[in-house]
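Visitor: Given the structure of chain S, go ahead and fit chains E and D onto it with the hints provided.
Take a look at the letters that make up each chain.
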Amino acid sequence: MIKTIKSYCSIKNNKVIINGRVDPPISIDGPLDSYLNEIYRSKQLNYPKYFKMDNLCKLAFLTGELLKMEDNLFGINQTEIGIVISNSTGSLDTDLKFNSSIEDRQNYFPSPAIFVYTLPNIMIGELCIRHKLMGENAFFISKEFNPKIICDYINILFDCERLQGCITGWVDVNENNHNCILFLVKKEELNTGQIIFNENTILKLNNGEF
Amino acid sequence: MEKLIEDLKKEIVNKLRLENIQWDDIVTDDPLFVEGLGLDSIDALELMLILEKKYGIKINSIEDGKKVLYSIKTIAEFITANK
Amino acid sequence: MNSVYVIADNIVSPLGFNTSENFENLVLNNSGIKLVEDQNLFPTPFYASSINTDEIDSHFGEISSAGNYTRLEKMMILSIDNALQQSKINAHEKDSIIIISTTKGNIDLLKGYDNNIKNERVYLWKLSEQIKNHFNSPNEPIIISNACISGVLALIYASRLLQNSVYKNVIVTGGDIISEFVVSGFKSFHAISEGPCKPFDVARSGLSLGEGSGTLILSNDKKLTSNKDVISFCGGASTNDANHISGTSPSGEGLFLAIISTLNEAKNHSVNSIDYISAHGTATLYNDESEAQALSRAGLETVPVNSFKGFWGHTLGAAGIIESIAALHSMKKNILINSFGFDKLGVTKNINLIKGSRRKEINSCLKIASGFGGCNAAIAFNKL
Numbered sequence: 106m107i108k109t110i111k112s113y114c115s116i117k118n119n120k121v122i123i124n125g126r127v128d129p130p131i132s133i134d135g136p137l138d139s140y141l142n143e144i145y146r147s148k149q150l151n152y153p154k155y156f157k158m159d160n161l162c163k164l165a166f167l168t169g170e171l172l173k174m175e176d177n178l179f180g181i182n183q184t185e186i187g188i189v190i191s192n193s194t195g196s197l198d199t200d201l202k203f204n205s206s207i208e209d210r211q212n213y214f215p216s217p218a219i220f221v222y223t224l225p226n227i228m229i230g231e232l233c234i235r236h237k238l239m240g241e242n243a244f245f246i247s248k249e250f251n252p253k254i255i256c257d258y259i260n261i262l263f264d265c266e267r268l269q270g271c272i273t274g275w276v277d278v279n280e281n282n283h284n285c286i287l288f289l290v291k292k293e294e295l296n297t298g299q300i301i302f303n304e305n306t307i308l309k310l311n312n313g314e315f
Numbered sequence: 069m070e071k072l073i074e075d076l077k078k079e080i081v082n083k084l085r086l087e088n089i090q091w092d093d094i095v096t097d098d099p100l101f102v103e104g105l106g107l108d109s110i111d112a113l114e115l116m117l118i119l120e121k122k123y124g125i126k127i128n129s130i131e132d133g134k135k136v137l138y139s140i141k142t143i144a145e146f147i148t149a150n151k
Numbered sequence: 128m129n130s131v132y133v134i135a136d137n138i139v140s141p142l143g144f145n146t147s148e149n150f151e152n153l154v155l156n157n158s159g160i161k162l163v164e165d166q167n168l169f170p171t172p173f174y175a176s177s178i179n180t181d182e183i184d185s186h187f188g189e190i191s192s193a194g195n196y197t198r199l200e201k202m203m204i205l206s207i208d209n210a211l212q213q214s215k216i217n218a219h220e221k222d223s224i225i226i227i228s229t230t231k232g233n234i235d236l237l238k239g240y241d242n243n244i245k246n247e248r249v250y251l252w253k254l255s256e257q258i259k260n261h262f263n264s265p266n267e268p269i270i271i272s273n274a275c276i277s278g279v280l281a282l283i284y285a286s287r288l289l290q291n292s293v294y295k296n297v298i299v300t301g302g303d304i305i306s307e308f309v310v311s312g313f314k315s316f317h318a319i320s321e322g323p324c325k326p327f328d329v330a331r332s333g334l335s336l337g338e339g340s341g342t343l344i345l346s347n348d349k350k351l352t353s354n355k356d357v358i359s360f361c362g363g364a365s366t367n368d369a370n371h372i373s374g375t376s377p378s379g380e381g382l383f384l385a386i387i388s389t390l391n392e393a394k395n396h397s398v399n400s401i402d403y404i405s406a407h408g409t410a411t412l413y414n415d416e417s418e419a420q421a422l423s424r425a426g427l428e429t430v431p432v433n434s435f436k437g438f439w440g441h442t443l444g445a446a447g448i449i450e451s452i453a454a455l456h457s458m459k460k461n462i463l464i465n466s467f468g469f470d471k472l473g474v475t476k477n478i479n480l481i482k483g484s485r486r487k488e489i490n491s492c493l494k495i496a497s498g499f500g501g502c503n504a505a506i507a508f509n510k511l
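Chains as they are written, first to last, in my numbering: chain S, 106 to 315; chain E, 69 to 151; chain D, 128 to 511.
Just chain S, with the same shape it has in the complex (with noise of 0.2 Å):
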């Protein structure tokens, strides 16, 4: 048995890639959720709390329904799928939203609707919630995209059979930049035509050498 990425997708400077193939452009001005909420609309998708995520949530939501999880997990037990997603910036796009409604003492009122975004791990909620993944998740901080940290881990959950299945990758949101990519990674039988999950391969694929 081998691990290798079923799928992957990246939607970074505004350009939507499925498994190496770009979708046509979506061009549209204005800041980071309309760009996002194009692409929402474009895939003709129907889940309403979309609507109340923050960006962060947004941009790992869409990159999420794009890999086809259903079908590529299909028959894995969902407290074997796990998360392992990491960014730079934290959660600090909305840490910013939230601390402009408490700077004014005179205007002060901390909306719970924003502050819940508040932690970069609600995306790895978000996504657990909509395709119902129960198994290891972690959320972890890097100045850089680092493959060594989330390949040490997820290898490890493999090897001693706590995953059969899992998402991973890169999300991250600075204002209206987005730079997002993630990774469907299964454990399976050694085939033709498959890509081998390792460190190596994920950087490559993060570059955009397809």
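In case anyone wonders, no lab produced these hints; they're calculated from the structure.
Just so it is clear, the structure is predicted and the values come from calculations on it, not from any experiment.
Just to be clear, a hint being listed does not mean it is correct.
[Said to hold, decoys possible] Below, in silico cross-link-like pairs of lysine to aspartate or glutamate (EDC-like), each with a Cα-Cα straight-line distance of 20 Å or less:
no. : chain 1 : residue 1 : chain 2 : residue 2
1   : D       : K394      : S       : E266
2   : E       : K77       : E       : D98
3   : D       : K510      : D       : E488
4   : S       : K202      : D       : E247
5   : D       : K295      : S       : D257
6   : E       : K134      : E       : E120
7   : D       : K314      : S       : D209
8   : E       : K77       : E       : D92
9   : S       : K253      : D       : E182
10  : S       : K154      : E       : E79
Guide: Only chains E and D this time, still in chain S's reference frame:
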């Protein structure tokens, strides 16, 4: 009262980000939680915030909130009684 | 697969700047939760467990004259330094690495934040850099930011790395501060108790925030253990409820699964029962009830259990580390510590809350935690 009810419905759709719902689709007497609109605990807290911010009425606990926030009608009645 | 040993530890909190002082206060039944009147944190007074800043500075001054560290960085450096002093480990060895657990890091720097200047220090990787450079660590620290399970998760992750020889020693450190940001956030959730928190109690009404730093040094080299009682990691797991982003699953499903997975792994280490449990016990209505459900479903209703949140408040990213250290010292000293703030059972399952500290032989313990985002974690340790 009618204007207040209309305002509340618009406020809920807008502030709670209910995307596929038009304000005039909301039935005034219908429960807002569990059934009806199916709002959740975070929506309840946001509604309590809206009451404080827009109508100047503070609800002190989630328990009190549950009774007031049952439906658009109960919220409107509460606001009118506490103005 | 290597064994993973507990080598040294430290707690920095309102109850003291080393583990001994902290544990002594637990035995004496002294809580760090007091009424905090600080307009910079919240317009009205609230109960919390906060550390005197002058004391942090004065203790820090004894180990370093370097300026320009934030309050949280000083707490964490003090904690790591003290733990290292008790061990034979050098942070600048290539086979040692630091793992940092924090939920919001230097979030107090957001006050008056200028979006044009963009203070890098608010980034957690920058906090990590400060700590790495102070200890001349050759490896980039690993940062885990996973809500309230961060600490337990960091200990599990460290143990996995050590079991698989990725490193020889791991210095796991957790820290979080009380900030206007976090106080106002939890207040917006009506999650903060009017008085000091009362975990699992019928009169509980929310949590009390706390701040602190905890460090636990783990190694796969048995020669580094010094005490007569050698304590070892014997199981751990994280799960997700897949239910709601801020509420726990009412049946405690995710936590139950994490506990069962941990207990099953412990059996492989010949640990067939648990003698004591350190609960998450935040004292919110829903957390404590869900947790009791999970414990009951896992068949752990009769095992003595406490929550340390009545002593330290909820220290967020530090909680999993500080409370695990307290659990380990309870095990070393064979003392079950009182569940401070608990008086009358207020959950629907008859779990065995510790009322009044007492002696008992403890050979294995379980630490559990849950957090925003539906995450749960459990970790078990035993005496060899």
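Visitor: Hint by hint, say whether it matches the structure.
Guide: Evaluated hints:
For the given pair, D:K394 sits about 16 Å from S:E266 by alpha-carbon distance, which is consistent with the 20 Å threshold. In summary, the hint linking E:K77 to E:D98 is supported, as the alpha carbons are separated by about 12 Å, within the 20 Å threshold. Annotation: proposed proximity of D:K510 to D:E488 holds, straight-line Cα distance about 11 Å (limit 20 Å). Our distance criterion of 20 Å between C-alpha atoms is met by S:K202 and D:E247, whose separation comes to about 17 Å.
Among the hinted pairs, D:K295 with S:D257 is consistent with the structure: their alpha-carbon atoms are about 15 Å apart, no more than 20 Å. A hinted pair counts as satisfied when its Cα atoms are at most 20 Å apart, and E:K134 with E:E120 qualifies at roughly 15 Å. With a CA separation close to 16 Å, the supplied pair D:K314 and S:D209 stays within the 20 Å bound. Taking the CA atoms of E:K77 and E:D92, the gap is near 7 Å; set against the 20 Å cutoff, the hint holds.
For the given pair, S:K253 sits about 39 Å from D:E182 by alpha-carbon distance, which is inconsistent with the 20 Å threshold. Using a Cα cut-off of 20 Å, the hinted pair S:K154 and E:E79 holds, with the two alpha carbons roughly 17 Å apart.
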